[in-house]
Amino acid sequence: MTKTTDVTPKKKGWRWGTNRWIVLGLIILGLFLLTDFFGAGLNIKPIRPFVQLPAEHWSEHPLFSTSFLGIGDFYLTNTLVALFIVMVLVIGLAFWFNRAVQNAFKKNDLALKGIPGALEALLEGLFNMTQATAGKWAWTIFPWFAAITLTVLLANWMELIPGVDSIGVIEEAHGTGYAVQPLTAGIATIAMPEVAEHGSHLIPYVRVVSTDLNFTVALAIIAVVAVQVIGVQAQGIGYFTKFWNVKTFFSKPIFGVIDWGVGLLELVSEFSKILSFAFRLFGNIFAGSVLLFVMGSLLGSIVIMPSIFYMLEFFVGAIQALVFGLLTMTFMAQATQGHGEHEEAH
Amino acid sequence: MEGNIVMAAKLIGAGLAMIGAIGAGAGIGIVTSGAVQAMGRNPDATGTIQTNMILGIAFAEAVAIYCLVVALLILFVVG
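These protein sequence lines map, in sequence, to chains C and D. Position 14, counted from 1, in the first sequence is what this note's numbering calls 14; the numbers after and before it change by one each time, with no gaps. Whatever position you read off the second sequence (first residue = 1), add 1000 for this note's numbering.
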């Protein structure tokens, strides 16, 4: 709001006049599809989708089978596809940002505009947070923080895109399913009524990657292992005395044993960090996806209602991404500070 | 009246598992109340307080998320 005194007048301002009509048109389209709409509507009732915890496979046959590390059959799952999309997006954003910064240096106009500008603001906020917590180790810790936050943010926000979770192959259900309605050539939809036998349900092509426990556990293991690596970088091999503390075992009568026991508890807490990291992200986003499905099927006829839950999920996705990164950053900052070095650090 | 007693037990179990969310709700409320009071008294420290508040909420929320995961496992995986 402070930039209203810009010298160059903007040719294309904020398109309030146009956007408003687009939103109104979408609302009317929704009413036309989902309700009777004075006898003209299609009156398609939204269905409650089939909810499955493990990711669905793209193909019947595995991509490859190997006994290496006990992998077994390796399927291309729909969450893996989403992960590839997220990776392409993150790498693309990185190149875009890099080019924008170089152009800004060439033109000697250091204020970035558009999405690179927003990315710069986000990264600057994250870096300030890192510097306030980690001090001189900020440059080591910040790449982990930023990479994890960006990846998880894009992965979480994918559930808001129409078509994710709702476009896919129609397969025959094992239990109750829904009837198939052909729309045009090659395209069909499943809709009410529910049929007890020979019904169908939808296997989406793309499913949000955070709703797959494999992704969240892998990310949590990466984060916790990186915490140990940074601890060793900062304190050398002495970092591990945090877990196996026998420095005071003989010199102090009882407290030495207690210190040693506390070290073992620290070791347990490292493993519980993996669990809590993984389940926090997975639980939030999976529950969010199910919430969107159920609210879409319950309140879908009241067109505006599900959008409120989309807004909720927008915030939940952002907060969970920030929390994952922030916790990684905090644990890393703690790992760089030894028990006995508090005095010399300050 | 007919139905599947295993299904009924699953639904009841999932509902019972979510009782654990009580503690997390109370905990998040306490964390936020303390943080808001602190921000009111010392508005300059809002940034630090907010970061720590989000961390505390994340830890308190983790318990509720464990309950949620158990409920989801009961509903969609077991049996």
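Calculated directly from the structure, the hints in this document are not laboratory data. None of these values were measured; they are calculated from a predicted model. Don't be surprised by glycine CBs; every beta carbon is placed ideally from N, CA and C. A hint or two may mislead.
[Said to hold, decoys possible] To give an idea of the chain D side of the interface with chain C (calculated C-beta under 8 Å), a few residues:
1. Thr1051
2. Met1053
3. Gly1056
4. Ile1074
5. Phe1076
Tested hints:
Because the closest C-beta pair between Thr1051 (chain D) and chain C is about 6 Å apart, less than 8 Å, the hint holds. Annotation: Met1053 (chain D) was flagged as interfacial toward chain C, and the flag is violated, the nearest CB pair being 11 Å apart, outside 8 Å. Proximity of Gly1056 (chain D) to chain C is violated relative to the hint, the smallest CB-CB distance being about 11 Å (cut-off 8 Å). Taken as an interface hint, Ile1074 (chain D) does not check out: its beta carbon lies about 11 Å from the nearest beta carbon of chain C, beyond 8 Å.
About 4 Å separates the beta-carbon of Phe1076 (chain D) from the nearest beta-carbon of chain C, less than 8 Å, and the hint is met.
In summary, the numbered hints that this structure violates are 2, 3 and 4.
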